[in-house]
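S.K.: Model the placement of chain Y on the given structure of chain P, informed by the hints.
Number of protein chains: 2
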Amino acid sequence: MAYELHYWPGIQGRGEFVRLALETAGASYVDVARGNAKDGAGLPAMFRYLEGGDVRRPPFACPFLVDGKKVIAQTAAILLYLGPKLKLVPAGEADRLWVHQIQLTLADLVVEAHDTHHPIAGGLYYEDQKAESLRRAGDFRRERLPKFLAWCEAVLERNPGNAARAVPRMVGSRLTYADLSLFQVVEGLLYAFPRATKRMLRKAPLVAALHAGVPGNKRLAAYLASERRIPFNEQGIFRRYPELDG
Amino acid sequence: MAYELHYWPGIQGRGEFVRLALETAGASYVDVARGNAKDGAGLPAMFRYLEGGDVRRPPFACPFLVDGKKVIAQTAAILLYLGPKLKLVPAGEADRLWVHQIQLTLADLVVEAHDTHHPIAGGLYYEDQKAESLRRAGDFRRERLPKFLAWCEAVLERNPGNAARAVPRMVGSRLTYADLSLFQVVEGLLYAFPRATKRMLRKAPLVAALHAGVPGNKRLAAYLASERRIPFNEQGIFRRYPELDG
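Same order as they appear, the protein sequences are chains P and Y.
Be aware that the first sequence starts at 1, since it is given in our numbering, and climbs by one per residue.
Be aware that the second sequence starts at 1, since it is given in our numbering, and climbs by one per residue.
No lab work stands behind these hints: they were computed from the structure.
Cβ coordinates follow ideal geometry from the N, Cα and C atoms, glycine included.
Where hints are given, some of them may not hold.
As the list claims (entries may be wrong) - Listed next, the stretches of chain Y that the computed footprint assigns to chain P, with coverage defined by at least 3 CB atoms under 8 Å from CB atoms of chain P:
hint: 1; region: 32-40
hint: 2; region: 68-76
hint: 3; region: 90-104
hint: 4; region: 181-190
hint: 5; region: 206-214
Okay, chain P solo, but in the shape it has when bound (with noise of 0.2 Å):
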């Protein structure tokens, strides 16, 4: 039976990682909220999941994935399960953990970079809260942007699968969605702070080496190319604001 993956319609987003995983592993899935409520898909369906007293155990959020009769949420916790049924992960439990600990961390840059265009509340417009998007954004491009990729940089240094690659890989030296991952950060932030992003990706060459190598694996281009991968715009977590970008 298909994967069903529930998420926002209109953006990449968190859902955006997922679907990376789903795409490159070639899996059967359907992004049930971008359906029609007509055939029992799109946003009702979704929040049937989120709203109905009925869900033994309920996501607080989207993205979500429904296998059978399990409902897992939490972008992380949805990867950790599909990683081995995806074969996107290495065999060994301790290589396993240190995957989703490497996405553990992206999902903590990811939250950062979302808070600088809302740094005082997510039910409120930029407009609403742009005199302190511009500060906590010069905070994010000086302190914090630096220090993550600084750290995935020296990640991809100390990996000893990268010896004799050309593409380097986060774990190992077969492709895992901790690589799917780093990939669609960088395109995020290289969306959203393309100035800032640009001049740091010179300090770590292995990072903007990953990003530019990774779109070789032909199912993940093939999807880049098409229709199923939404453009980045201005409803998701990484907008372009060039007053954001210094």
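M.R.: Okay, now just chain Y, sitting in the frame of chain P:
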């Protein structure tokens, strides 16, 4: 060999979620950064992992756990690793993933609670972002905290393991680290936002019952009464700034 926990020595913070699990299980562990630098412990021992160029799988931040040669960071990943060893999770994979999903959702709440007093930058003082904190804390009290607590209440209501229990559990009928973590979050909220939290707990009676009942565990109660339990203070995640309590 005893587990090594590495975390800031003066606050409960994120390290406390790991401490509660270790203490409740009666596990042997060393709280390394609270030890003496002369004995090879203290902050220098922690920074050796955070800044040492020879750590193959470097933590991005503390807390992290050292278990023999394994170095594991990210609070939720540490608990995912420790859960089975400390017998603080059920036996089945699906149940364990659900406990982890709850932990990740509580971790999101912890970030938002922290950002009520640091909405602009973790590296700045509260006093340098007080106006922004007042706005963010208002949104947290009005929108976010009720949503998180209602979700926790729904999780408790829908857990069939609670049918015959006076003290409810988040998952199944035996104590898991999700219960310890929800206890700790409520402790923190009652410290930081006593008025708002007490008011909201009236609408979340199962959350209140869990919070009141979890310290019925003797080892946990002994820990909470010991000097090892660092009191809440204004350097941690949960801080008592009365103006942020509305």
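S.K.: Count the residues of the region 32-40 of chain Y whose CB lies closer than 8 Å to any CB of chain P, then report whether that count reaches three.
M.R.: violated (count 0)
S.K.: Verify the coverage statement for the region 90-104 of chain Y against chain P, using a C-beta to C-beta distance below 8 Å and requiring 3 or more qualifying residues.
M.R.: Since 6 is at least three, the answer is holds.
S.K.: Can you tell me if the region 68-76 of chain Y counts as covered by chain P, using C-beta to C-beta distances under 8 Å and a minimum of three residues?
M.R.: Answer holds; 5 residues pass the 8 Å Cβ test.
S.K.: If you count the residues of the region 181-190 of chain Y with a beta-carbon closer than 8 Å to a beta-carbon of chain P, do you get 3 or more?
M.R.: n = 0 at 8 Å, threshold three: violated.
S.K.: Check whether three or more residues of the region 206-214 of chain Y sit with their beta carbon closer than 8 Å to a beta carbon of chain P.
M.R.: n = 0 at 8 Å, threshold three: violated.
Taken one by one, the earlier hints fail for this structure at numbers 1, 4, 5, listed in ascending order.
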